Amino acid sequence: MYSFIVIASSILFFLVMSGLDNFTRVLAGYLSALYPFIYGFVIAYLVNFLLNFFKKQLGKIPSMKKIKEPWFHILSLFLAYLVSSFFVYLFLAFIFPQLVASITGLVRNIPEYVRSTTEYIKYLSDDILLPSEVVDFINKRLDELAVFISDLAEDLVPIALSFLRNTALSVWNVFLGIIISIYLLAEKEQFISLAKKLNYSVFSVKNADKVLEILRRSQIIFSRFLGGKILDSLIIGLLAFIILTIVDMPYTLLVTFIITVTNIIPFFGPFIGAVPSVIIIFFESPIMAFWFLIIIFILQQLDGNVIGPKILGDSLGISSFWILFAILIGGKFFGFIGLIIGVPLFVLIYSIIKEIVEARLKAKGLPVETKDYLDK
Numbered sequence: 024m025y026s027f028i029v030i031a032s033s034i035l036f037f038l039v040m041s042g043l044d045n046f047t048r049v050l051a052g053y054l055s056a057l058y059p060f061i062y063g064f065v066i067a068y069l070v071n072f073l074l075n076f077f078k079k080q081l082g083k084i085p086s087m088k089k090i091k092e093p094w095f096h097i098l099s100l101f102l103a104y105l106v107s108s109f110f111v112y113l114f115l116a117f118i119f120p121q122l123v124a125s126i127t128g129l130v131r132n133i134p135e136y137v138r139s140t141t142e143y144i145k146y147l148s149d150d151i152l153l154p155s156e157v158v159d160f161i162n163k164r165l166d167e168l169a170v171f172i173s174d175l176a177e178d179l180v181p182i183a184l185s186f187l188r189n190t191a192l193s194v195w196n197v198f199l200g201i202i203i204s205i206y207l208l209a210e211k212e213q214f215i216s217l218a219k220k221l222n223y224s225v226f227s228v229k230n231a232d233k234v235l236e237i238l239r240r241s242q243i244i245f246s247r248f249l250g251g252k253i254l255d256s257l258i259i260g261l262l263a264f265i266i267l268t269i270v271d272m273p274y275t276l277l278v279t280f281i282i283t284v285t286n287i288i289p290f291f292g293p294f295i296g297a298v299p300s301v302i303i304i305f306f307e308s309p310i311m312a313f314w315f316l317i318i319i320f321i322l323q324q325l326d327g328n329v330i331g332p333k334i335l336g337d338s339l340g341i342s343s344f345w346i347l348f349a350i351l352i353g354g355k356f357f358g359f360i361g362l363i364i365g366v367p368l369f370v371l372i373y374s375i376i377k378e379i380v381e382a383r384l385k386a387k388g389l390p391v392e393t394k395d396y397l398d399k
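So in the numbering used here, spot 303 of the sequence shown is number 326, and the numbers just go up one at a time.
Just so you know, the hints here were simulated from the structure itself, not pulled from any lab data. Only a predicted model underlies this, so the values are computations on that prediction, with no experimental measurement involved. Hints should not be assumed to be uniformly reliable.
Derived PhoX-like pairs (lysine-lysine); straight-line CA-CA distance at most 25 Å [to be verified]:
#1 377 to 233
#2 79 to 91
#3 229 to 385
#4 79 to 333
#5 229 to 387
#6 211 to 89
#7 91 to 78
#8 91 to 233
#9 78 to 89
#10 377 to 229
#11 387 to 233
#12 211 to 79
#13 387 to 377
#14 385 to 355
#15 233 to 219
#16 88 to 220
#17 233 to 78
#18 79 to 89
#19 211 to 78
#20 233 to 385
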């Protein structure tokens, strides 16, 4: 029986690896049914910050102490979703329409940008005598861009229909996710108790306690990092919007949105957001693109040396090398989401490995500090 299981497992592994693309496609199809629950968990995790905030603040009010726990939890939950809905309303009512208008105007002006760039390159090649190889290379890239835009225009209807279909499906999944998140937060204590019960039934008491300790550590690391980065990004986005509005920067709202979202990514965030923003502004005004780079550099220094350390503190506890490593690996395996959660996930794994290593060293009577091994 043991030999049969090993052989059958080896054959199954070979079949999966030989048809990995089909396997992942089928697996993704089945996992798509779990999207509402994934969205619900993410929404519940984010709203939980507001839930804990309102429970803490309402608990300080003497009259609220007379309310029994179930109703106190329901009141806090209602206020958390009320504030969340208000933020979503502000985004959909004021920011989203202007984002759509900015993107539409940008797409509409692309042919004009390509034409003016071509004329400028011709001017440089005629009057400043650029090398012919450079001119040919740039013209070839511009021709490819023109062909791409032409092909995109021909396929616009199928692309639009696919986009609308995917958008409608995503909206439906998000709607179901909101409902699921309400259930998750409304019965949060029951779900936590059930998970603990299952944990102690599967593992020994010692190992179950260890699992709970790791889960608590995960909660602390992820909540501090994600909450801090979101607050930090909102502050940087607000400062960028004010400064860009004052200097009358083209596509101010679109550029601010890009900066705010990408700033959540540690280390690379400001650079990832600056590249497309500079390109967008450059076609409208090269001078303003230059000033934009200076503004972003100042904001990045302010964020890296003042705002970020004040908000995040020493929540990471790892060197810049490991932050870079975590971002690259996380982005490779999980895409954009990996760029965001790669660092706290690595911090968690790093802390567990460090704890195991130090425990084994103590058992052998050896020092645990890294500096003690410099001369060994």
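Hint by hint, here is what the structure shows:
1. Proposed proximity of residue 377 and residue 233 is supported: the alpha carbons are some 15 Å apart, at most 25 Å.
2. Straight-line distance between C-alpha atoms of residue 79 and residue 91 comes to about 15 Å, which keeps the hinted pair within the 25 Å bound.
3. Taking the CA atoms of residue 229 and residue 385, the gap is near 20 Å; set against the 25 Å cutoff, the hint holds.
4. For a cut-off of 25 Å, the pair hint linking residue 79 to residue 333 stands: about 22 Å separates their Cα positions.
5. Our distance criterion of 25 Å between C-alpha atoms is met by residue 229 and residue 387, whose separation comes to about 22 Å.
6. Simply put, residue 211 and residue 89 have alpha-carbon atoms about 22 Å apart, close enough for the 25 Å limit, and the pair holds.
7. The suggested pairing of residue 91 with residue 78 holds, with an alpha-carbon distance near 13 Å, which does not exceed 25 Å.
8. Our distance criterion of 25 Å between C-alpha atoms is broken by residue 91 and residue 233, whose separation comes to about 33 Å.
9. Between residue 78 and residue 89, the direct Cα distance comes to roughly 14 Å. Compliance with the 25 Å bound is thereby established for this hinted pair.
10. This hinted pair checks out: residue 377 and residue 229 have alpha carbons roughly 19 Å apart, not beyond 25 Å.
11. For the suggested pair residue 387 and residue 233, the alpha carbons sit about 22 Å apart, so the restraint of at most 25 Å is met.
12. Proposed proximity of residue 211 and residue 79 is supported: the alpha carbons are some 16 Å apart, at most 25 Å.
13. A hinted pair counts as satisfied when its Cα atoms are at most 25 Å apart, and residue 387 with residue 377 qualifies at roughly 15 Å.
14. The hinted pair formed by residue 385 and residue 355 fails the criterion: a straight-line CA distance of about 36 Å is larger than 25 Å.
15. A threshold of 25 Å between alpha carbons decides the hint, and for residue 233 with residue 219 the separation of about 12 Å falls inside it, so the pair holds.
16. Straight-line distance between C-alpha atoms of residue 88 and residue 220 comes to about 30 Å, which puts the hinted pair past the 25 Å bound.
17. At most 25 Å may separate the alpha-carbon atoms for a hinted pair to count; residue 233 and residue 78 exceed this at roughly 28 Å.
18. For the hint linking residue 79 to residue 89, the alpha-carbon distance of about 15 Å falls within 25 Å, and the restraint holds.
19. Using a Cα cut-off of 25 Å, the hinted pair residue 211 and residue 78 holds, with the two alpha carbons roughly 14 Å apart.
20. Between residue 233 and residue 385 the alpha-carbon distance is near 19 Å, which keeps this suggested pair within the 25 Å criterion.
In summary, the structure is inconsistent with hints 8, 14, 16 and 17 from the numbered list given earlier, while agreeing with the others.
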